[in-house]
Amino acid sequence: MIRVEGLTKRYGRLRALDGMTFAVPRGAVFGFIGQNGAGKTTTLRILATLLLPDGGAAEIGGYDVVRHRREVRQIIGYMPDFFGVYDDLRVGEYLEFYAGTMGIRGAAARRLRDDLLELVGLADKRDAFVDSLSRGMQQRLCLARALIHDPQVLLLDEPASGLDPVARVEMRELLRELGRMGKTVVISSHILRELADLCTHVGIVRAGRVVRAGPVEAILAEAQTATYVVRVLRDPERAGALLEGCPGVTGVLVEEDRVEFGFTGDPGGAAAVLAHLVRDGLPVVHFSRQAGDLEDLFLQISREEVAP
Amino acid sequence: MRGLKVWWEDLLSGVRPMLAKELRARSRGVRPAALLTLYLLAVAGGISGVLWVVTRFFGALSVQVGLWLFTALVVGSTLLLAVITPALTTGAIAGERERKTLDLLLVTRASPLGIALGKLLSSVVYVLYLLLATIPAYALVYLFGGVPVSYVVTAVLLAATSAVAFAAVGLFFSALFRRTQVATLVSYLVVLFVLFGLPIVGEVQRSLAQERDPFGTRPQGGPLPWYLSASPLVALDSAFQGPEGEGLPLLGDLLRAMLGIGPMSGGAVTVQAVPGGMPATTVYTYGPVSVISGFSGSRGSGVLPLRQTYVTLTPGGELRVVTALAPWVQHLLISLGTAGVAVAGAAWRLGGSGNLRAWLRRRPRVPAGP
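Top to bottom, those sequences are chains A and B.
Its first residue numbered 1, the first sequence is counted upward by one per residue in the numbering used here.
Its first residue numbered 1, the second sequence is counted upward by one per residue in the numbering used here.
The set of hints was computed from the structure by calculation and includes no laboratory data.
The reader is advised that the hints may include incorrect statements.
What the hints assert, rightly or not - Label pairs and their computed distance ranges (CB to CB):
#1 Val229/A - Thr101/B: 44 to 50 Å
#2 Gly45/B - Gly37/A: 56 to 62 Å
#3 Lys5/B - Asn36/A: 42 to 48 Å
#4 Leu185/B - Gly12/A: 24 to 30 Å
#5 Glu9/B - Pro25/A: 29 to 35 Å
#6 Gly62/A - Lys5/B: 58 to 64 Å
#7 Glu118/A - Gly49/B: 55 to 61 Å
#8 Trp8/B - Gly62/A: 24 to 30 Å
#9 Arg28/B - Ala123/A: 21 to 27 Å
As the list claims (entries may be wrong) - Some chain B residues judged to face chain A by a derived CB distance under 10 Å, without partners named:
#10 Glu9
#11 Gly14
#12 Arg16
#13 Ala20
#14 Arg24
#15 Ala25
#16 Glu96
#17 Leu104
#18 Val107
#19 Thr184
Claimed, not checked - Here are a few chain A residues that sit away from chain B, every Cβ distance over 10 Å (derived from the structure):
#20 Thr8
#21 Gly84
#22 Val85
#23 Gly103
#24 Arg105
#25 Arg111
#26 Asp127
#27 His149
#28 Val166
#29 Gly179
#30 Asp197
#31 Val211
#32 Leu220
#33 Arg258
The C-beta atom is built at its ideal place from N, Cα and C for all residues, glycine as well.
Turn these sequences into a full structure, and let the hints steer you where they fit.
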């Protein structure tokens with residue numbers, strides 16, 4: 001659905017994009033991960049036809065984002081990382097305005113407005129002024145705006161930034177719903193936990209280039225080393241010592257009842273490690289792989305790229 | 001053909017919602033009512049002031065009172081609109097940029113030209129609304145009489161078109177500069193220059209021409225340089241000539257002092273009939289600019305004649321009749337032209353340049369001819 005090849009963009013002497021290449025299949029929820037300044041926003045702005053690349057090519061749905069701006073705009077919904085709202089409009093008027101800019105008017109626009117407000121959970125706010133909404137509501141309103149022309153592709157730049165945890169969960173539910181609706185979604189974020197269970201595909205960006213991309217499982221399989229946490233009722237030192245002896249285990253760290261270690265190998269190997277601990281009579285009450293799987297990978301990649 | 005239809009639809013996708021939104025937003029709150037009130041108060045204050053001055057210093061009401069009042073109204077509302085109008089548009093695009101709403105607008109179907117036009121139209125509608133509110137005040141002029149309806153119609157037309165031009169200039173700078181403050185500053189400098197700077201430029205140019213031609217080998221008089229008509233004040237003054245060639249009171253005297261227009265010889269001269277054109281007339285010559293037809297085409301209604309006839313004095317002492325577009329027509333054309341260029345420039349800055357580049361890249365490259 002989206003194909004990006006060798007995209008370059010310079011801002012003065014700064015090389016924002018340096019041969020950015022990736023592809024997003026139809027219907028995928030693509031997590032675009034990278035630190036601030038890695039080139040995520042620049043890439044999304046080029047895809048949204050707001051910025052012309054210096055070199056390379058990008059196309060969405062078969063349309064080149066430079067040569068076929070108009071067609072691309074018809075099939076994308078874009079939500080920038082920072083955006084403003086017209087504070088002198090009501091929520092309903094706001095959506096009707098954007099419907100108008102997409103050439104939708106009259107009864108169709110009003111029906112669309114109500115449907116979208118329903119979808120993003122703002123139906124009861126239709127007559128409220130936009131600036132009376134909370135940040136999370138404005139974010140959802142902006143998402144509704146991006147959906148107004150029923151685009152096949154959504155480009156969302158940090159859709160959950162600046163939101164409190166509750167609003168963040170609501171936003172995530174909404175994004176999941178969009179994925180179920182069969183839309184191709186590109187979500188950029190520097191917070192990995194946010195994307196880990198939402199995406200079907202990820203691309204990890206560093207210094208204007210995608211360093212890893214593919215289906216989440218494939219990427220995770222690549223992540224050889226994961227961090228595990230074990231809690232025991234007693235004898236954490238003995239557990240630590242035992243772990244040191246296991247194959248694939250590195251960097252054992254004992255803190256009170258909590259033992260943390262790095263493990264390289266498949267999940268079967270991890271199970272073997274656990275079995276080994278239990279066999280030795282240790283009262284294991286907790287054995288888990290750390291939540292931020294992608295985060296580990298991300299940190300790992302960051303380190304390995306910095307090292308040479 | 002299909003391309004034209006798409007272009008038109010994209011234009012409307014910008015103009016229609018933008019106009020609706022801006023008008024809706026502008027009509028909210030106390031600001032519009034306050035602005036209208038202030039505007040009308042200023043107009044009322046001006047009228048009262050003129051009447052007070054006239055009665056105080058000229059004793060009884062003279063026959064000129066109608067014309068005095070008319071001048072005050074026309075010049076006053078033109079100046080007021082010149083002050084108000086740029087303020088309505090300088091925030092139009094820079095404000096969207098500052099509030100970070102511009103990107104959201106640019107990814108829609110609305111074309112940059114549609115967006116710019118929608119912004120311009122919304123402020124023009126607002127300005128026309130102010131102008132409309134002053135029209136009843138012109139009724140006062142008729143209490144004293146002495147001013148044909150054509151004057152009023154032409155004056156309102158002039159004020160409206162110069163307001164449109166000023167609005168478009170504000171819009172252009174709003175698109176050009178990132179910040180509203182800069183756009184506002186530059187717009188007001190330009191407005192000030194057009195209003196008051198242009199007459200000075202005209203004066204400089206005139207005296208330079210005189211310097212270069214000390215023996216008077218070129219014909220004297222004739223129409224003013226066309227670009228001076230860009231200033232609504234010059235256009236207003238030279239549009240309204242009394243039966244004796246004098247312009248508007250006060251303003252006319254001021255501009256005449258600046259441009260060196262003034263009675264030279266004075267006196268009636270008979271001009272031969274021009275075949276198929278002017279009938280034989282007796283005219284009053286003033287130099288360098290003399291106007292014959294101030295009244296001839298206006299029969300108390302409609303607008304002033306589109307062309308004006310001037311008498312110039314050749315070095316041989318002959319009088320020659322020259323016709324040219326009337327200054328107010330020139331002003332109309334200049335204003336609308338400026339507005340068109342400014343809106344196109346704003347659209348270009350908004351993303352039209354990228355659109356054009358995209359369109360050019362889209363054309364298959366045709367190899368150069370043999």
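Results for each hint:
Remark: the range hint 44 to 50 Å for Val229/A to Thr101/B is upheld by a beta-carbon distance near 46 Å. Take Gly45/B and Gly37/A: their Cβ atoms lie about 57 Å apart, and the range 56 to 62 Å holds. Checked against the hint of 42 to 48 Å, the C-beta distance between Lys5/B and Asn36/A comes to roughly 44 Å, which is consistent with it. The beta-carbon spacing between Leu185/B and Gly12/A, approximately 27 Å, falls within the hinted interval of 24 to 30 Å.
Range check, Glu9/B to Pro25/A: Cβ separation about 32 Å, and the 29 to 35 Å hint holds. With their beta carbons about 23 Å apart, Gly62/A and Lys5/B fall outside the hinted range of 58 to 64 Å. One distance hint, 55 to 61 Å for the beta-carbon pair Glu118/A and Gly49/B, holds here, with the actual separation near 60 Å. Trp8/B and Gly62/A have their C-beta atoms about 26 Å apart, which keeps the hinted 24 to 30 Å range intact.
Taking 21 to 27 Å as the suggested C-beta distance range, the pair Arg28/B and Ala123/A conforms, at roughly 23 Å. Look at Glu9/B: its Cβ gets to within about 6 Å of chain A, closer than 10 Å, so that hint holds up. The criterion of a C-beta within 10 Å of any C-beta in chain A is met by Gly14/B, whose closest approach is roughly 7 Å, and the hint holds. A distance limit of 10 Å between C-beta atoms decides the matter here; for Arg16/B the minimum to chain A is near 6 Å, and the interface restraint holds.
Evaluation of the Ala20/B hint against chain A yields a held restraint, the C-beta minimum of about 7 Å falling below 10 Å. Annotation: Arg24/B was flagged as interfacial toward chain A, and the flag holds, the nearest CB pair being 7 Å apart, inside 10 Å. Proximity of Ala25/B to chain A holds as hinted, the smallest CB-CB distance being about 4 Å (cut-off 10 Å). Hint status for Glu96/B relative to chain A: holds, with the closest Cβ pair at about 8 Å, below 10 Å.
Taken as an interface hint, Leu104/B checks out: its beta carbon lies about 6 Å from the nearest beta carbon of chain A, inside 10 Å. Interface restraint check: Val107/B against chain A, minimum CB-CB distance 5 Å, threshold 10 Å, status holds. With 10 Å as the threshold, the beta carbon of Thr184/B stays out of range of chain A, its nearest partner Cβ sitting at about 19 Å, so the hint is violated. Non-interface call for Thr8/A relative to chain B: holds, since the shortest CB-CB distance, roughly 17 Å, exceeds 10 Å.
A beta-carbon of chain B is positioned within 10 Å of the beta-carbon of Gly84/A; the least distance is around 4 Å. A beta-carbon of chain B is positioned within 10 Å of the beta-carbon of Val85/A; the least distance is around 7 Å. Gly103/A, annotated as away from the interface, has a beta carbon of chain B within 10 Å; the closest lies near 5 Å. A beta-carbon of chain B comes within 10 Å of the beta-carbon of Arg105/A; the shortest separation is about 7 Å.
In this structure Arg111/A is separated from chain B by more than 10 Å, as the shortest Cβ-Cβ distance comes to about 17 Å. No beta-carbon of chain B is positioned within 10 Å of the beta-carbon of Asp127/A; the least distance is around 14 Å. Not every beta carbon of chain B lies more than 10 Å from that of His149/A, the smallest distance being close to 8 Å; the non-interface claim is violated. Against chain B, the non-interface label of Val166/A holds: every CB pair exceeds 10 Å, the least being about 25 Å.
In this structure Gly179/A is separated from chain B by more than 10 Å, as the shortest Cβ-Cβ distance comes to about 21 Å. Distance to chain B confirms Asp197/A as a non-interface residue, since its nearest Cβ pair spans about 29 Å, more than 10 Å. Interface exclusion of Val211/A from chain B stands, the closest Cβ pair being 28 Å apart, more than 10 Å. Every beta carbon of chain B lies more than 10 Å from that of Leu220/A, the smallest distance being close to 34 Å; the non-interface claim holds.
With a closest Cβ-Cβ approach of about 45 Å to chain B, Arg258/A is found to remain outside the 10 Å limit, as its non-interface label requires.
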